[in-house]
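Participant: Sequence:
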Amino acid sequence: MKEIKAIIRPFKLDDVISELHKIEDLPGLTISDIKGFGRTKAQDTNLSFKDGLHNYVKKIKIELIVKNNMVDKIISIIQKTAYTGIPGDGKIFIADISDTIRIRTNERGEEAI
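For the sequence shown, counting from 1, position 51 maps to 51 in our numbering; every step adds exactly one.
Restricting the straight-line Cα-Cα distance to at most 20 Å, the calculated cross-link-like pairs of lysine-lysine (PhoX-like) are:
id, residue 1, residue 2
1, LYS73, LYS91
2, LYS91, LYS12
3, LYS12, LYS80
4, LYS80, LYS61
5, LYS58, LYS91
6, LYS5, LYS22
7, LYS58, LYS5
8, LYS80, LYS22
9, LYS12, LYS73
10, LYS5, LYS73
11, LYS2, LYS61
12, LYS73, LYS22
13, LYS61, LYS91
14, LYS22, LYS12
15, LYS35, LYS12
16, LYS73, LYS2
17, LYS67, LYS5
18, LYS12, LYS58
19, LYS5, LYS91
20, LYS61, LYS35
Everything labelled a hint here was simulated from the structure, so no lab data went into it. Here the structure is a predicted model, which is why all the values come from computation and not from measurement.
Input sequences plus hints: build the corresponding full structure.
Facilitator: Encoded structure:
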């Protein structure tokens, strides 16, 4: 199993989700509103805002736990759909998941996702 975290531009969320919904057996996902900055420290964009002493940019984080055989397809969809070609398009992170437990049924492993 893998965990996929994608940081994308907020206006790309609906497009990304629409494409992900087309994947049969997509186990589900979590979406969070986040703020942060990249290499440019949010200094070179008109989309940044000041919070305290620092500038940030609003982003969306999408998180999924999926079977290994789904990873490439999901990454391809996110990468293609979230792309604008402008700095700040985001990042995708992939991590191994050693186990998953469904609280309601006590299922473990891939059956739990």
